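Work the whole structure out from these sequences, hints included.
This is what each chain is made of:
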Amino acid sequence: MRVHIDEINDIIRREMQNDGSPISALENIQARYRYLPPEALILVSARFGMPLSQVYSAATFYPVFSLKPKGKHSLHVCMGTACHVRGSPQILDRLQTKLGVKPGGTTRDRLFTLETVNCLGACALGPIVVADGEYSGQMTAQKADGLLKKITRTATKDTQVVRS
Amino acid sequence: MQTWRANLVAANPNRPYISVCGGTGCRVYGSERVWNAFRDEIARQRIQAALDYDVKVTGCHGFCEKGPLVVIRPRNVFYARVQPDDVPAIVNETILGGTTIPRLLYTDPQSGEKIEHEHDVPFYKHQYRLILDQNGDLDPANIDEYIARGGYAALEKAFSTMLPEQVIAEIKTAGLRGRGGAGFPTGVKWQIAHEQIQKSKFKIQNLIPSSSRQALSEVEGSPSEICHLQSEIGYVICNADEGDPGAYMDRSIMEGNPHRVLEGMIIGAYAIGAPQGYVYIRNEYPLAVKHLRRAIEQAEAYGLLGENILGSGFDFSVKIKLGSGAFVCGEETALIASIEGRAGEPRPRPPFPAESGLWGKPTNINNVKTWAAVPIIIAQGAASYANIGTPTSKGTMIFSVVGKVANTGLVEVPMGISLHKLIYDIAGGIPNGKKFKAAQIGGPSGGCIPAEHLDTPIDYESLKGLGAIMGSGGLVVADETTCMVDFARYFMTFTQEESCGKCVPCRVGTRVMLTILERICAGAGRPDDTEYLWHLGEKIKLASLCGLGQTAPNPVLSTIRYFRDEYRAHIFDKKCPAKVCKGLITYSIIADKCSGCMVCLRNCPTNAVTGVKQQVHSIDAAKCTRCGMCASVCKFDAVAVN
Numbered sequence: 001m002r003v004h005i006d007e008i009n010d011i012i013r014r015e016m017q018n019d020g021s022p023i024s025a026l027e028n029i030q031a032r033y034r035y036l037p038p039e040a041l042i043l044v045s046a047r048f049g050m051p052l053s054q055v056y057s058a059a060t061f062y063p064v065f066s067l068k069p070k071g072k073h074s075l076h077v078c079m080g081t082a083c084h085v086r087g088s089p090q091i092l093d094r095l096q097t098k099l100g101v102k103p104g105g106t107t108r109d110r111l112f113t114l115e116t117v118n119c120l121g122a123c124a125l126g127p128i129v130v131a132d133g134e135y136s137g138q139m140t141a142q143k144a145d146g147l148l149k150k151i152t153r154t155a156t157k158d159t160q161v162v163r164s
Numbered sequence: 165m166q167t168w169r170a171n172l173v174a175a176n177p178n179r180p181y182i183s184v185c186g187g188t189g190c191r192v193y194g195s196e197r198v199w200n201a202f203r204d205e206i207a208r209q210r211i212q213a214a215l216d217y218d219v220k221v222t223g224c225h226g227f228c229e230k231g232p233l234v235v236i237r238p239r240n241v242f243y244a245r246v247q248p249d250d251v252p253a254i255v256n257e258t259i260l261g262g263t264t265i266p267r268l269l270y271t272d273p274q275s276g277e278k279i280e281h282e283h284d285v286p287f288y289k290h291q292y293r294l295i296l297d298q299n300g301d302l303d304p305a306n307i308d309e310y311i312a313r314g315g316y317a318a319l320e321k322a323f324s325t326m327l328p329e330q331v332i333a334e335i336k337t338a339g340l341r342g343r344g345g346a347g348f349p350t351g352v353k354w355q356i357a358h359e360q361i362q363k364s365k366f367k368i369q370n371l372i373p374s375s376s377r378q379a380l381s382e383v384e385g386s387p388s389e390i391c392h393l394q395s396e397i398g399y400v401i402c403n404a405d406e407g408d409p410g411a412y413m414d415r416s417i418m419e420g421n422p423h424r425v426l427e428g429m430i431i432g433a434y435a436i437g438a439p440q441g442y443v444y445i446r447n448e449y450p451l452a453v454k455h456l457r458r459a460i461e462q463a464e465a466y467g468l469l470g471e472n473i474l475g476s477g478f479d480f481s482v483k484i485k486l487g488s489g490a491f492v493c494g495e496e497t498a499l500i501a502s503i504e505g506r507a508g509e510p511r512p513r514p515p516f517p518a519e520s521g522l523w524g525k526p527t528n529i530n531n532v533k534t535w536a537a538v539p540i541i542i543a544q545g546a547a548s549y550a551n552i553g554t555p556t557s558k559g560t561m562i563f564s565v566v567g568k569v570a571n572t573g574l575v576e577v578p579m580g581i582s583l584h585k586l587i588y589d590i591a592g593g594i595p596n597g598k599k600f601k602a603a604q605i606g607g608p609s610g611g612c613i614p615a616e617h618l619d620t621p622i623d624y625e626s627l628k629g630l631g632a633i634m635g636s637g638g639l640v641v642a643d644e645t646t647c648m649v650d651f652a653r654y655f656m657t658f659t660q661e662e663s664c665g666k667c668v669p670c671r672v673g674t675r676v677m678l679t680i681l682e683r684i685c686a687g688a689g690r691p692d693d694t695e696y697l698w699h700l701g702e703k704i705k706l707a708s709l710c711g712l713g714q715t716a717p718n719p720v721l722s723t724i725r726y727f728r729d730e731y732r733a734h735i736f737d738k739k740c741p742a743k744v745c746k747g748l749i750t751y752s753i754i755a756d757k758c759s760g761c762m763v764c765l766r767n768c769p770t771n772a773v774t775g776v777k778q779q780v781h782s783i784d785a786a787k788c789t790r791c792g793m794c795a796s797v798c799k800f801d802a803v804a805v806n
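From first to last, the protein sequence lines stand for chains X and A. Taken in order, the first sequence gives residues 1 to 164; the numbers are from the numbering used here. Taken in order, the second sequence gives residues 165 to 806; the numbers are from the numbering used here.
Keep in mind that the hints were calculated from the coordinates and are not lab data. Here the structure is a predicted model, which is why all the values come from computation and not from measurement. Any given hint might turn out to be false.
Reference listing, derived: stretches of chain X covered by chain A, where coverage requires no fewer than 3 residues with Cβ under 8 Å from a Cβ of chain A [claimed, not checked]:
#, segment
1, 56–66
2, 99–105
3, 119–125
According to the in silico footprint, chain X covers these stretches of chain A (three or more CB under 8 Å from chain X) [claimed, not checked]:
#, segment
4, 225–236
5, 484–491
6, 500–513
7, 728–742
Every residue gets a Cβ at the ideal spot worked out from N, C-alpha and C, and that includes glycine.
Spelled out as structure tokens, the structure:
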């Protein structure tokens, strides 16, 4: 995804008009690009008149922000207590082995980013995996395999459509 | 406002309706497809059979285990696990025909009896729903419904008949204590903030030269000037940064009844004298944010928020701030830092936020459940609220009962109820014939309560005595297959990751505790590890800066206190009694049971299973990563864990 300085500036301007904080500006930039490009930190620092070190401190403090570009699809494994006692570590293990990345990592083809989340509050359905905002409950290692396959299949289809 | 409410009730007579749970849990089960199916079916039948029913998408009903939930009101016929295909049958048989569909009814696992009505289902029968009472029959997107059911009546009562001091006195009499976990008396907290704001108001008046004050009073019509001055006075904050893994009642209240939280905040702001409020809410709760945002807009449109609310001369507005996924931001000083736009690190107290909080102004922070209790206390009177519960812990408490229980869900019970009743009578006990081991209350800050203390009444003091805390109400049940050392390690991993790193005892201490726990789980525990953990834990509790560090060792200390045997088994016998810790277990194939179907072989991620078709397979322990895949796919129970 290309980063546009004008777009970042627009987001910051809008935030300042609504008397938002530097963090909410960062949140909106993160929502737009799914990561925080270096330009974003510099611009937020300049516009809000906040030292770059403090913007960096906030950007690295909150788990919601990422300084590295993320994959096309996000997989969140819920690590809440209820999911833990129902076996989420096995699910995470499985996804880690299959994708070859650790939590927070992005696969080399930039297709998947694997992440963990503390609790989604849908504990009756644990263990839960959220793929691109869609919840899958009562996961097993096998179901996790199926989920990966499904996403990979649609992803290759998408690229084929684009190519043709 | 009373006439307005009467008009609303008259305009919306008690029409029958179908209540479909629209909470996050039921949505995951597919309840959206269910309510769409109902809408289509009702629209079709409206013409054919002159059917006049509403379909209402409500907040979380609480019985998440059995979703999607559907209740036909006013008859209260309760259907569980409803699928879109069931909809025509429900409309034809139950709504038009007046009969129930047995296969969709809830079956009592003990008696095997089918239960027809919602209020007879054991999960609901033993509850005392005070805060959650409207969750199952209110459309959270519609302020009129809340008003028609008596909403904003408490606000009206407070504004028209009570002085701020009287509101505070009422909250004190009710004995409401902070539901965020620590249990500080809410009335006292408000009183302190109220006094501080009075003081600072006095200061502002003296700071402004009399000539400007004169000018200001002349421009009384210019709201921006006045607002600017008032926002310098003080703040109320609703702490909706529900970070405890396994707790989701705050989310359900905001999703299902956002106006009750707002009403509580407005009353609180009036009592304290703060013209500006914030709701600090978790980013991970998109639906709650949406409902709250809409509720604020509606309340503003009705003049329940904004300037001169209900003609009282009191101005109050509310803004939403999204959290960014840091657990420590539930701590009040860290939360304030986060709203101010900095990294959410706590600071030493005093000064307490009541004295110097958001932007240095007096600030009062309460949890969602605390705010939601306020309108109930004001409307029904402090005495009626104080009648519920125990002498020191008044009112009701909401627990999210999760983990190894038959009925996962949100449960509201009076304070003082026993854990046994909560886990067995309401949550339906432990499924699959397993044995109860412990109940973990209070999340990463709480502790485990073993079977021998199940009869203890749940109140702030009793739980503290057992080494747990009330916390925000997360209750995770562990059965015999849960390893308590691994459980402690899990919580320590959580707090260690969430430690903000500002103070050494928490930053380094939790790291050392985690290293030791990891070592024990891996089978490399040393003889004095348990004692060392105990002493270190005690020190971290004493020396940490904020609540996170001061409570972080609790899960470890309480498991050592009640399950020392399991620690011993890990350290000395190199065994994990619950067969969970990977370093202490091996997988093998039981020759008598193996049919040689090759399913485990194909599914093993590390090719540790070898064998040929129709012959007994074997597992190479050196290659095996103990992922448990083979055991989970085997249809013949032929994989043994030792």
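Going down the list of hints, with the structure as the test:
no.	hint	in the structure
1	56–66	holds (count 7)
2	99–105	violated (count 0)
3	119–125	holds (count 7)
4	225–236	holds (count 3)
5	484–491	holds (count 6)
6	500–513	holds (count 8)
7	728–742	violated (count 0)
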